[in-house]
Amino acid sequence: MTLDIDMIRADFPILERRLPNGKRLVYFDNAATSQKPQCVIDAMSEYYEQYNSNAHRANHTLADEATTALEGARDKISSYFGTSPEQMIYTSGATEAINLVAYGWARENLSEGDVVVLTEMEHHADIVPWQQMSVDIGIEVRYVPIDIESYTLDMDAFEVALNGASLVCVVHTSNVLGVRNPIEEIIEKSQAVGARVLIDCAQGAPHERINFDSLKADFVAISAHKMAGPTGIGCILVKRDAMEEMVPFMTGGSMIKRVTTKGSTFQEGHAMFETGTPRIAEAIGWGAAVGWLEQFDMEEVHEHINDIASWTASQMRQIPGIQIYGDPGRDDSSGAVSFLHETIQSQDLALLLDEGGFAVRTGHHCAQPLMDALGVPSTNRASFWIYNTMDEAESFVHYLQEIVDRFA
Amino acid sequence: MTLDIDMIRADFPILERRLPNGKRLVYFDNAATSQKPQCVIDAMSEYYEQYNSNAHRANHTLADEATTALEGARDKISSYFGTSPEQMIYTSGATEAINLVAYGWARENLSEGDVVVLTEMEHHADIVPWQQMSVDIGIEVRYVPIDIESYTLDMDAFEVALNGASLVCVVHTSNVLGVRNPIEEIIEKSQAVGARVLIDCAQGAPHERINFDSLKADFVAISAHKMAGPTGIGCILVKRDAMEEMVPFMTGGSMIKRVTTKGSTFQEGHAMFETGTPRIAEAIGWGAAVGWLEQFDMEEVHEHINDIASWTASQMRQIPGIQIYGDPGRDDSSGAVSFLHETIQSQDLALLLDEGGFAVRTGHHCAQPLMDALGVPSTNRASFWIYNTMDEAESFVHYLQEIVDRFA
Amino acid sequence: MGEVRLWPEHLDEVVEEFQACFDSMERYELLFEYAKRNPSPLPPEEWNDDNQVHGCQSRAHVTCFVDDQGGFQMRGGADAQIVQGLMSVTAMAVNGMSPQEVAIMEPDYAEAMGVQSSLTPSRANGFLNMFKRVREDASKLSG
Amino acid sequence: MGEVRLWPEHLDEVVEEFQACFDSMERYELLFEYAKRNPSPLPPEEWNDDNQVHGCQSRAHVTCFVDDQGGFQMRGGADAQIVQGLMSVTAMAVNGMSPQEVAIMEPDYAEAMGVQSSLTPSRANGFLNMFKRVREDASKLSG
Ligand SMILES: Cc1ncc(COP(=O)(O)O)c(C=O)c1O
Ligand SMILES: Cc1ncc(COP(=O)(O)O)c(C=O)c1O
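Protein sequences appear in the order of chains W, B, P and C. Just so you know, we're using my numbering here: the first sequence kicks off at 8 and counts up by one. Just so you know, we're using my numbering here: the second sequence kicks off at 8 and counts up by one. Just so you know, we're using my numbering here: the third sequence kicks off at 3 and counts up by one. Just so you know, we're using my numbering here: the fourth sequence kicks off at 3 and counts up by one.
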């Protein structure tokens, strides 16, 4: 089977969109957020139109239906990620997922002088929580540098950084470079020295099937909105023994067993970390997204995206003044092409591309340490996903060439 | 003008719902979550179908439209609550809002021995975070008891409890009793002794117009889903000087000014507390909900709900064995009628009511200390909102009478 | 292959009685009656943390043992009559069977009784958790 | 009542030049050209925290003063050409006016120029924040 991109595109109403200037939308901002197929939008509308109700303690039909759908979504999503529902904690996204590890695990298990290893290509979501802990309790934060020739992690430096580490936090796939890190090796080597490992899969999950149980990472952070799901939801997957080391983070209803004015007792396992009214519609929408994704072989999807990205990058390299950051030609690269033009400033270039209907992201991509390493303040980034086509890529390259001819 | 309930009901597709047994849904579980008008559902679908994009750093049309809608929602919602957008921080709901005060304000400003005053009628969301701080850093938590004759706060005890208090946290309206507390007096007296005040308006906001600036509370917690908005979003409103005393809670992208491997600097004001991809669809949906609510005079809405609740309670009192907890007859009572039957156990009663199409909530309602004060493990609770009718209330009373005749 | 029985023969009568009900309200009335006819009740005085069934919304308690004749016996009690009624029926079903049989039994009789609306996945917790607990105990007692 | 002028007369020509553009790409080209024609540029060496315009996505810096003739003068620089072009036009508009006039001026000329797509509420930050900064400075200099 090969992917039928026309059929896939038909699932996404937004891809029919024309911009105010009449141009057809070409959406190349997928690393920021993906578009949503109609079935995801409909699943949420149906919830609100047919069985919206607060979940749990369900003693009426609607509450029962909502609870069943909510828990059904957890089953579906956790199984998509190759693990059991008990290992999954819903959060508002990857950012909250990482904060939950900081507040719920690290704050209890790390103390002054303990070492957390990060990399220079982390997203701010996987940097600032650790810097804050360093300010608050004095942990030591180490950054594994990147090799700016190959745009990959310096694995020799990684091994040195591992020395005495308690926690290693690495991004699965860089949102700027599209580079996929050797996370299997990172997990193995980190655990060999007794460190726990957090993998930020915000960009990884939309591009390959994450199998949490076989990956053996201690924590995996994921955002739904980057993988066809809605805004406002994500999760942290947590290995059983790591979860046992965790203490409550946010507290309130649902996560308790018994509350008295003298004190409270808490639920065990993942239930201890979910409080307040659940993100019911969001969970149902994400469940539908995962159901939609399940029809595809993610290796084929990856290949499709990788083909577009590597072709686009190779064409762009031939446009005078364009520099690519990253190596989209690599087989394991994931559809993000960061670039700059030597004279057309990135904000200007973004507006000019937008004028042609091309949506690309521009800025530091919440990865300023990586920008510093690359020696640039920002990049333009075209990022591709399952519904993008080679035709779109061709028209993009064409239009970019025109802009450069006209404005450089 | 009086409310045209038929027209209002026509906005809610779910109210046409029939249960699997053919019975028409009578939704009396509004204190748990309200239903959503079509315009709210549509606003979110439209976002996903037409202009879904990650917000901020908007250099393409979709991102620009999404950012405009997201910030437009903030303007609309904050203005609905009588304050400026700068005083509003989006959270996932009231629970996260209160946790944000605990982590972002209290953890920085309170220390061992400092006093936090709660009441016996708080929701677990406004109890457990403070108990946790008491375990973690040794603050003293005091509970203002309720008078179980009048079901109101013991205001004499409140004045005693205030002695030396640093923070006072009180629920605007009890989700169990429907009682509205004298929050104006509470705010004034608390601030007179130099304490900051948090008001949990999860139940208050759906029933009266909260005017944050004139209320002068330091913190107000609100959930969207109880006031016609979607799941997964809410806010904390914070007074300017209180916000200045706050430190970051969750960290990552967006809330930063500059991140380097040496350390980071943060945004100021509300932007310091919002990190990660925003709840874009949710904010847009909540904005639509507030727009929908704005067409009504909330005093009329309150009167309508209060009429139904007080009539229903007065009828229920005549059914042998039924006991009402709370005083729905009071003018300021807000549409929640908690009750028990002396022989029909509450779970059984809930299932029997469900069989008739009546959705009521049953359990401890995340208010176990209040249950303890009332001397019961749980209650049944019928809670009314804008779209409920006297007809529904009549059929409910009728059906309840039948059940009691048959099962007591 | 002989007929596959989904529940013990002596329960047929009970299942049929439920099936004969006119509507779900009648079935609930019948469950309320069965609640009073528990062949082996566990009185509230004997309810404790050990015999509590977790995951129920109401309180439910179960203890199981093997009698002199080697027959499985369950004693149960719940504060909700509907759960208590289902417990009575379950006790009627399993009491006297061999623990081995109980350990592999399925709760089909409850479905056949037509009490679906109290058996939807999330609400069924009361009954299903109770049933699972009985089966687990039976499994241990088979050992 | 006389005609209400939305921008100084000497800017008419500039506005008309933009209005005569065939499409937005041409307008952008023109803005790029104007970026080079800033009558009072602020070179990058003089960019600092004090004169930075906040809320821009790209860097933009502005300083204002009153010249010997009592005329308002703005000097500006930005790394994005589109912002820089709008700065040039703004400088052409305001330089020489009285600070009092500048303090109450509206940015209508930008709209009239037809550069809307770079002026939508969230993207306009660059330009609008720059414009606001100029007006605030003018207001202070009127004092
Ligand atoms: C009084 C009160 N406070 C707080 C909450 C918590 O709100 P949420 O679950 O939306 O976070 C609720 C809702 O159940 C409530 O009724
Ligand atoms: C690599 C990476 N990590 C973390 C995040 C944060 O995800 P979210 O904003 O959904 O919390 C992102 C998304 O921008 C990302 O690309």
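What the hints contain is simulated information worked out from the structure, not anything from laboratory work. Take these hints with a grain of salt, some might be off.
DMTMM-like, lysine to aspartate or glutamate: derived pairs with alpha carbons at most 20 Å apart [to be verified]: (1) Lys269/B - Asp143/W; (2) Lys264/B - Asp25/C; (3) Lys30/W - Glu56/B; (4) Lys223/W - Glu192/W; (5) Lys264/W - Asp52/P; (6) Lys38/P - Asp412/B; (7) Lys269/W - Glu56/B; (8) Lys30/B - Glu119/W; (9) Lys269/W - Asp121/B; (10) Lys38/C - Asp412/W; (11) Lys30/B - Asp25/P; (12) Lys269/B - Glu119/W; (13) Lys30/W - Asp81/C; (14) Lys134/P - Glu93/W; (15) Lys269/W - Asp379/B; (16) Lys264/B - Asp51/C; (17) Lys264/W - Asp81/P; (18) Lys269/B - Asp121/W; (19) Lys30/W - Asp51/C; (20) Lys30/B - Glu28/P; (21) Lys269/W - Asp412/B; (22) Lys264/B - Asp81/C.
Please read these numbers as outputs of a predicted model, since none were measured by experiment.
> Which earlier hints turn out false for this structure, listed by number in ascending order?
Replying inline: 2, 7, 8, 13, 19, 21
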